[in-house]
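Chains as they are written, first to last, in the numbering used here: chain S, 34 to 167; chain R, -1 to 168.
No wet-lab data here; the hints were simulated from the structure.
Note that beta-carbon positions come from the ideal geometry of N, C-alpha and C, so glycine has one too.
Keep in mind that a hint or two might mislead.
To be verified - Distance condition first, Cα-Cα at most 30 Å in a straight line; then the derived BS3-like pairs of lysine-lysine: (1) R:K143 <-> S:K156; (2) S:K46 <-> R:K60; (3) R:K94 <-> S:K58; (4) S:K46 <-> S:K154; (5) R:K77 <-> R:K99.
Unchecked claim - Covered stretches of chain R (chain S as the covering partner; in silico rule of three or more C-beta atoms under 8 Å from a C-beta of chain S): (6) 26 to 33; (7) 96 to 105.
Stated by the list, open to error - Residues of chain S placed beyond 10 Å of chain R at every Cβ, according to the derived structure: (8) I52; (9) I95; (10) R148.
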Amino acid sequence: MRQLKIMIIDDEKGIVFAIEKTYEKKGFIAFGASDGLTAIEVFQKERPDIIFIDIHMPFSAIDGIETLKRIKEIDKNANCVMLTRIYDDNSIMQTKALGAMHYITKPFEIEDLDRCIDEVKNKGDGSIVFRKKA
Amino acid sequence: MANILPEDEEFFERIEREHIQVDPLLWNIIYQHIGDPVIVINLTTRYYIDSNEPIPQDEAKKILISTKRMVEIINKIHKPESITVDDKDPLFRMIKEKGLKLDPVTDELFTQPIRNDLNIISMNIGMHIYPSNKIRSIPIEEGIKILDRIRAIMSFLDRLRIATSTKEAY
Chain S
34 MRQLKIMIID
44 DEKGIVFAIE
54 KTYEKKGFIA
64 FGASDGLTAI
74 EVFQKERPDI
84 IFIDIHMPFS
94 AIDGIETLKR
104 IKEIDKNANC
114 VMLTRIYDDN
124 SIMQTKALGA
134 MHYITKPFEI
144 EDLDRCIDEV
154 KNKGDGSIVF
164 RKKA
Chain R
-1 MANILPEDEE
9 FFERIEREHI
19 QVDPLLWNII
29 YQHIGDPVIV
39 INLTTRYYID
49 SNEPIPQDEA
59 KKILISTKRM
69 VEIINKIHKP
79 ESITVDDKDP
89 LFRMIKEKGL
99 KLDPVTDELF
109 TQPIRNDLNI
119 ISMNIGMHIY
129 PSNKIRSIPI
139 EEGIKILDRI
149 RAIMSFLDRL
159 RIATSTKEAY
């Protein structure tokens, strides 16, 4: 049995840090990256169970859609949830076609992310556990 | 802003009636410089409240810097003529070049209440961490007040975005 791994990719470092901290406290393994290229490297090494990807990353060499595409090329079964500022039909269609599981519009609450994590836990093969810190 | 005021409702009705829209470029700036920091403050504040802990001084300072920065951003959106041609952010330079600004109705609805909320948060934090307060952390009950204001800003921004964005991208 192992702990569920959560990854957050957002060019706002404060969001990455706050989500890492929140989920570490909840008993998950959480890590992140603030640009797409670093995120691909971290993904290859860590193979997280779920990845939250900000679509609009003006300070990253590649945007969230390209990051999603590259992650799916490495692992087509990766559970990716897209985060965005603007509800945009084109982006939804694009990310759905690339295999994103959900689309969350900012500003979000932690419960929005929790629901996606629950979905991944429930569809798992039983090898993942939520482990609360002592 | 904890609750939408009756006059705010009137503004929202006018936005709908008059089909007032906000340029996507302005929304990009609002979300990048206000929406994202608001998410960070929400997550940070919740982290400590959920743990039943006061917000430590270093985190409170980050919130304070962030709120002050957001007020500066609001001032720039409110008065785009104050943006300098060598502004570090290309989005602001684009606003200046294109002469984009908020419609007066949206401006009144957006600028003053959010700026007030952010100033109140700044004052509350400043009062607890500077200069002679020995505790120098934000008590849980104050943290809850900050969280309430931040959540109200989040809901308000979301409502305004939906009300004023173009149908193609809202």
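Assess, step by step, whether the Cα of K143 (chain R) is no farther than 30 Å from the Cα of K156 (chain S), and give holds or violated.
-> Violated, because 38 Å separates the two Cα atoms, which is more than 30 Å.
Within the assertion that chain S covers the segment 26 to 33 of chain R, do at least three residues meet a Cβ-to-Cβ distance smaller than 8 Å?
-> It holds, with 4 qualifying residues against the three required.
Starting from K77 (chain R), check that the Cα of K99 (chain R) is at most 30 Å away, please.
-> At roughly 8 Å apart (the allowed maximum being 30 Å), K99 (chain R) and K77 (chain R) satisfy the hint.
Interface exclusion of I95 (chain S) relative to chain R, criterion Cβ beyond 10 Å | The assertion about I95 (chain S) holds, with a minimum of 18 Å to chain R.
The segment 96 to 105 of chain R covered by chain S? Criterion: 3 or more residues, Cβ-Cβ distance below 8 Å.
-> As far as the segment 96 to 105 of chain R goes, the hint is violated, because 0 residues have Cβ atoms under 8 Å from chain S.
Straight-line alpha-carbon gap K94 (chain R) to K58 (chain S), limit 30 Å = 44 Å, violated
Is K46 (chain S) close enough to K60 (chain R), meaning Cα to Cα at most 30 Å?
-> The given pair, whose Cα atoms are some 13 Å apart, holds under the 30 Å limit.
Given the hinted pair K46 (chain S) and K154 (chain S), is their alpha-carbon gap at most 30 Å?
-> At roughly 26 Å apart (the allowed maximum being 30 Å), K154 (chain S) and K46 (chain S) satisfy the hint.
Measuring Cβ to Cβ, find out whether R148 (chain S) lies farther than 10 Å from everything in chain R.
-> 16 Å, holds
Verdict on I52 (chain S) as a residue remote from chain R, using beta-carbon distances over 10 Å = At roughly 7 Å from the nearest Cβ of chain R, I52 (chain S) sits no farther out than 10 Å, so the non-interface label is violated.
In this structure, the earlier hints numbered 1, 3, 7, 8 are contradicted, and the remaining ones agree with it.
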